[in-house]
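Bring the two chains, given one by one in their own frames, into a single complex with the hints.
These protein sequence lines map, in sequence, to chains A and B.
Using this note's numbering, the first residue of the first sequence is number 1, and each one after it goes up by one.
Using this note's numbering, the first residue of the second sequence is number 1001, and each one after it goes up by one.
Don't read these hints as lab results, they were simulated from the structure.
Backbone N, C-alpha and C define an ideal beta-carbon position, used for all residues, glycine too.
Please note that the accuracy of each hint is not assured.
Stretch-level coverage of chain A by chain B, calculated; a stretch enters the list once three of its residues show a Cβ under 8 Å from a Cβ in chain B [as the list claims (entries may be wrong)]:
no.: 1; stretch: 36-43
no.: 2; stretch: 67-79
Quick list of in silico lysine to aspartate or glutamate cross-link-like pairs, EDC-like style, CA-CA up to 16 Å [to be verified]:
no.: 3; chain 1: A; residue 1: Lys68; chain 2: A; residue 2: Asp26
no.: 4; chain 1: A; residue 1: Lys36; chain 2: B; residue 2: Glu1101
no.: 5; chain 1: A; residue 1: Lys70; chain 2: A; residue 2: Glu5
no.: 6; chain 1: A; residue 1: Lys67; chain 2: A; residue 2: Asp3
no.: 7; chain 1: A; residue 1: Lys70; chain 2: A; residue 2: Asp3
no.: 8; chain 1: A; residue 1: Lys70; chain 2: A; residue 2: Asp83
no.: 9; chain 1: A; residue 1: Lys99; chain 2: B; residue 2: Glu1022
no.: 10; chain 1: A; residue 1: Lys36; chain 2: A; residue 2: Asp58
no.: 11; chain 1: A; residue 1: Lys70; chain 2: A; residue 2: Asp26
no.: 12; chain 1: A; residue 1: Lys99; chain 2: B; residue 2: Glu1026
no.: 13; chain 1: A; residue 1: Lys99; chain 2: B; residue 2: Glu1059
no.: 14; chain 1: A; residue 1: Lys99; chain 2: A; residue 2: Glu38
So you can see what is in the structure, the chains are spelled out below.
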Amino acid sequence: GEDVEQSLFLSVREGDSSVINCTYTDSSSTYLYWYKQEPGAGLQLLTYIFSNMDMKQDQRLTVLLNKKDKHLSLRIADTQTGDSAIYFCAESLRSSASKIIFGSGTRLSIRP
Amino acid sequence: SQTIHQWPATLVQPVGSPLSLECTVEGTSNPNLYWYRQAAGRGLQLLFYSVGIGQISSEVPQNLSASRPQDRQFILSSKKLLLSDSGFYLCAWSDRGLVYEQYFGPGTRLTVT
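For reference, chain B alone in the conformation it holds in the complex (with noise of 0.2 Å):
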């Protein structure tokens, strides 16, 4: 079966130190990946996907990157934090073939100080 797995679950961060999220699946190959970010009471704001190794596309500019340097990892980074950047991080993962089904992770919630 397929697991994805994230981490750190929790986060403090100080304004302006980097960041890097990692997301992980297992039990699959070829599979799509998404970033995504849900501020506190609001919905799921989509950051990025990716399609294949090295393949990503941008939703929203803002001081964020991401990167999938092998099948299977997806990594959210950024150089300098700021306080907007706090909030729950979510990675998810699907089938490129069922793109309609998406499966998340557990998430990272990031608190930038």
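Bound conformation, chain A alone (with noise of 0.2 Å):
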């Protein structure tokens, strides 16, 4: 079935890296993304990597995918405030090229 899980929250100090991991159960996804929604607001890609990558790094985030494991991670080098946002885990699916399932999301809050 279709399924992508995350953690709910995650609290990290200013200047750190954050990571948050996501999971998912479908083997025939094509692509997984990083949305950030900041409050109030839409949802907003950040970065995707094609499920045949193992790694993609773009200035302070690199997304990991263990196609195994199914698990999928974005680290955030240097944690800001501005960092601040529910993070979603997402995959499109070979399937339903027109459809892309959402996780829950991740909720990161940066103490000083």
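Quick look at the structure:
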């Protein structure tokens, strides 16, 4: 079945690295994504990775994909207060390219 | 550049009243369009998606409906709202050839009282 799971909360000290984890169940995923939602706003696509890749780096963001374990992670280096948001993991499936399955989101809070 | 608009931004409606939320996209043609609902403290639930005018796919059976009267217009409706319809409604679009990138509107916060 289609299911994407994330932990609900993560608290990190400013300047440290944040690692947000996600697991998914469908092995036919084509792309996996990380979206960011700031309070009261829509979602913003942060980055995505094709399912045949292991890693993607984009400035402070590093995405790691373990396809064997169906595990995706987002690492934010040097976490800043502006990184406070809800982060959604999502996947698109080979069986239905028109829709994306979202996880429940991880709320990242930054402490001084 | 492409932009996506939703209105209203907030809405308070009594139980049993009708609903109409509108979403429009500018700067692109033939987009895929999506309606999501985000309940308080929860993830996104895909409600409807559309790959063309008059073509609507429903993901979750409920008292909501969607219509696409024009290429870049997507409407979410209900004849009679329930308390459980409260939530944050998000519209999104994607290019036909790039369905893996969805772009979200600012959302409509609906409170049913």
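Lysine 68/A and aspartate 26/A: Cα distance at most 16 Å?
-> holds, 11 Å
Do the alpha carbons of lysine 99/A and glutamate 1026/B lie within 16 Å of each other, as the hint requires?
-> At roughly 21 Å apart (the allowed maximum being 16 Å), glutamate 1026/B and lysine 99/A break the hint.
16 Å limit on alpha-carbon distance, applied to hinted pair lysine 99/A and glutamate 1059/B = With a Cα-Cα distance of about 10 Å, the restraint between lysine 99/A and glutamate 1059/B holds, given a limit of 16 Å.
Decide if the proposed pair is consistent with the structure: lysine 99/A and glutamate 38/A, CA atoms, cutoff 16 Å inclusive.
-> Not OK: lysine 99/A and glutamate 38/A at ~22 Å, beyond 16 Å, violated.
Could you grab the alpha-carbon distance between lysine 70/A and glutamate 5/A and see if it respects the 16 Å cut-off?
-> holds, 11 Å
Within a Cα-Cα threshold of 16 Å, do lysine 70/A and aspartate 26/A meet the stated pairing?
-> holds, 8 Å
Hinted pair lysine 99/A and glutamate 1022/B, Cα distance within 16 Å = Status violated; Cα separation ~20 Å.
Can the stretch 67-79 of chain A be counted as covered by chain B under the rule of three residues or more with Cβ-Cβ separation shorter than 8 Å?
-> With 0 residues close enough to chain B, the hint is violated.
Quickly compare the C-alpha distance for lysine 36/A and glutamate 1101/B to 16 Å and report which way the hint goes.
-> It holds: about 13 Å lies between the C-alpha atoms, which stays within 16 Å.
Holds or violated: lysine 70/A with aspartate 3/A, Cα cutoff 16 Å?
-> holds, 11 Å
Confirm or reject the coverage of the stretch 36-43 of chain A by chain B under the rule of 3 or more residues with a beta carbon closer than 8 Å to the chain's beta carbons.
-> Contact hint for the stretch 36-43 of chain A vs chain B: holds, 4 residues under 8 Å.
Compare the distance between the alpha carbons of lysine 67/A and aspartate 3/A with 16 Å, and conclude whether the hinted pair is satisfied.
-> holds, 15 Å
Violated hints, in rising order: 2, 8, 9, 12 and 14; the structure is consistent with all others.
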